[in-house]
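Q: The residues making up each chain are set out below.
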Amino acid sequence: MKSKSMSGERGALCFENVIIMRNGKPLIALDAAIEPGEVLTVMGPSGSGKSTLLNFAAGFLPPAFRAEGKVTIGDEEITRLPPHDRHMGLLFQDPLLFPHMSVEGNLLFAVPESVSGRKRRREHVEAALAEVELDGFGPRDPATLSGGQKARVALMRVLLAEPRALLLDEPFSKLDPELRAQVRRLVFDKARERGLATLLVTHDPADAESAGGVLLKTDGSVST
Amino acid sequence: MLKFAPALTIAILIGPVTAGIIGTLLPAFGYLPALGGREVSLEPFRALFATPGIATSIRLSIVNGLAAAVGAFSIVIAFTAAFEGTRTFALMQRLLSPLLSVPHAAAAFGLAFVIAPSGFVLRLLSPWATGFERPPDLLILNDPGGIAMTAGLIAKEAPFLFLMVLAALPQSQSRESRQVATTLGYRRVAGWLLTVFPRIYPQIRLPVFAVIAYSVSVVDVAMILGPTTPAPLAVRLTQWMSHPDLSLRFQASAGAIVQLGLAIAAIGLWIAGEQIVAFAGGRWIRAGRRTAADGLVSGLGAGAMALIVTGMALGGMAIGLWSFAGFWPFPDALPAKLSAANWAMALPRAADTIAITVGLGLASAFIAVALALACLENECRRDIAIEHRKLALLYLPLVVPQIAFLFGLQILLLLIGLDATVYGVAGAHLTFVLPYVFLALSDPWRAVDPRYARIATAIGARPSRVFWRIRLPLALRAVATASALGFAVSIAQYLPTVLIGAGRVETVTTEAVALASGGNRRLIAIHACLQMLLPFAGFLMAGAVANFAFRDRRALRIAS
Chain A
1 MKSKSMSGER GALCFENVII MRNGKPLIAL DAAIEPGEVL TVMGPSGSGK
51 STLLNFAAGF LPPAFRAEGK VTIGDEEITR LPPHDRHMGL LFQDPLLFPH
101 MSVEGNLLFA VPESVSGRKR RREHVEAALA EVELDGFGPR DPATLSGGQK
151 ARVALMRVLL AEPRALLLDE PFSKLDPELR AQVRRLVFDK ARERGLATLL
201 VTHDPADAES AGGVLLKTDG SVST
Chain B
1001 MLKFAPALTI AILIGPVTAG IIGTLLPAFG YLPALGGREV SLEPFRALFA
1051 TPGIATSIRL SIVNGLAAAV GAFSIVIAFT AAFEGTRTFA LMQRLLSPLL
1101 SVPHAAAAFG LAFVIAPSGF VLRLLSPWAT GFERPPDLLI LNDPGGIAMT
1151 AGLIAKEAPF LFLMVLAALP QSQSRESRQV ATTLGYRRVA GWLLTVFPRI
1201 YPQIRLPVFA VIAYSVSVVD VAMILGPTTP APLAVRLTQW MSHPDLSLRF
1251 QASAGAIVQL GLAIAAIGLW IAGEQIVAFA GGRWIRAGRR TAADGLVSGL
1301 GAGAMALIVT GMALGGMAIG LWSFAGFWPF PDALPAKLSA ANWAMALPRA
1351 ADTIAITVGL GLASAFIAVA LALACLENEC RRDIAIEHRK LALLYLPLVV
1401 PQIAFLFGLQ ILLLLIGLDA TVYGVAGAHL TFVLPYVFLA LSDPWRAVDP
1451 RYARIATAIG ARPSRVFWRI RLPLALRAVA TASALGFAVS IAQYLPTVLI
1501 GAGRVETVTT EAVALASGGN RRLIAIHACL QMLLPFAGFL MAGAVANFAF
1551 RDRRALRIAS
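Chains A and B supply the protein sequences, listed in that same order. When the first sequence is numbered by my numbering, its final residue is 224 and no position is left out of the sequence of numbers. When the second sequence is numbered by my numbering, its final residue is 1560 and no position is left out of the sequence of numbers.
Source of the hints: derived by calculation from the structure; they are not laboratory data. Mixed in with the good hints, there may be bad ones.
As the list claims (entries may be wrong) - If you only want the chain A side, here are some residues facing chain B, beta carbon under 8 Å, derived:
id	residue
1	F98
2	A143
3	A161
4	A181
The beta-carbon is built from N, C-alpha and C at its ideal position, and this holds for glycine as well.
Throw the hints in and build the complete structure from the sequences for me.
A: Structure follows, in structure tokens:
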């Protein structure tokens, strides 16, 4: 077992011979390495199992599925860790801000325990809000935010938790077209800034284009 | 810890029922060494069937009980078929929901105050229309045919079944089905019965069985509205069981087994009826007949529902008036004087009773909610769903007549020294509170988007933190409502309180029913009022807690 302090390390996100099966039949396979700051896009229609891939990496594989192979970060196999110790940054289609907490509450929930002291934790949150031009939004009810504001808070919530890699499940598909481009650029910039390996699943070719990196299609073709 | 929650829950649901039935069976066949019964025999049954009027008692149980269940069911289905999706339907939904928290006994008292010879209706009509200067000598209440009792049961069970139908409707694509049927030329009632009803019925079947079992073996409503010479079987059994002459317990136990048989027979008859209806329905579908006496069905359905709502509303009013009434001679429609004197006199004496009632309600609701949450959380963590068949277990304590296993349970608790204690009574209440709490909590719990928990976990929150900080707060409104429901169910319990408490644990419900034969209307009204007010206060508190917690959270403000 690696020590706790080691588990925060970033590094390449590798899928080694991962095959996911539903009721015994192969659904999707992935064998790829994503370097820090790089994006790998998996594109395919709904039902192709691309979200299941993310669920497997994050530790939420439903019981109807079985998986072979492993996922590693750096040289640690994360698929052997319980989900809450994997530190994967997960973004869904919806921002899913916790509706019972304020914006600040949502972000404080994400700040790691190692950041101690109320004041320091607050400062982290304020800095994060300032980073996405939401200064002073802390006390707001998430339900009163616009779609773009919610998306930015959701992104900062993920980043504040100091993830080791990002898993993006079509996170832009519900945004308006102009907003989509903006949020998309923001997410990829932040990921690159922080040197996070990112796995993006989508059915939108524009997402893949904007992401830049390698594009895998669930029908098997590859392009760069 | 968490993984034992389902087993513990199932034990609480099944344990008392099976242990209780065994504890009833033994004395029913003459075996109860503590009371001198050492030989297995049929003597208790012989004694039972030798009791005068026993055939009438049995008839009253099964015929009137079934009639009440059929009546309530038909009214609800007719009304829903005719009005689903209309404004009338939405209005009825709002009017009937609060009635669910009214205990059976309080509803029965309300009805009694309305239809009695000196009741509200005749006061309103006298003397100008009827010519009565004094209450007519009519046996309206406690009529030997049990009509008043049946009406009281229908008035209380129809709202229950209506809410069960409401819960089932969203999963039945009712609007689309109705529209398709309409475009094919089917009238409203016919279209609903042929396309929506078959999808609703499987979901309300267990609640219907619970209504049948309850109506066939009812005690509290029967003691207030039912015939007395002879009374329905369950009432007589309860009297024997509480009788100082302990030897009567043998025939009481035999009677409880007969009561169990009656409930099984009644449900069996209902199932036979299901077959007939299914057969007739199949023929109807194949024949393509487009109407179903639409006007008649909607008229009867609406009329009956309106009657129930007005009857219950008038009953509530009459209870309120009597509790404050000074001198109120017949045929005056209103009391000559209203004062708080009745309350001022009764409340200090009732203080202990109220405290015990509230304590039992809070304890059983709290334990039930904690268990239900533990089961549901366990389900979440293991990513499993409780199978439908296990869900049927929830209904076990509701489908087996209370009297059939409470007798045995009382004897068992006597052996371990927990009889006549508040702990024993709280445990008995829990068995009946748990199913309702679980049913009320499970749907809203499962409706919470599972991705919230995933995000929290991905952020690094451990399972316990995800529960306390995410899942529980998100379900807070449902948890509060389920707690209030559990509290209300506990307050309404009559038979478990009387039998397990051996008459020494008094709640507002047992007090109210005990006062029924005495005829002190003001005191009865005060207790019936308390019976209604306590659950109402519980629901009010539940709403207030959720509204306060979410005062600045728009997404969670409106009740889900």
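Q: Against this structure, judge whether each hint is valid.
A: Cross-check of the supplied hints:
| no. | hint | in the structure |
| --- | --- | --- |
| 1 | F98 | 6 Å, holds |
| 2 | A143 | 4 Å, holds |
| 3 | A161 | 4 Å, holds |
| 4 | A181 | 24 Å, violated |
Hint check: a violation occurs at hint 4 only; the rest are consistent with the structure.
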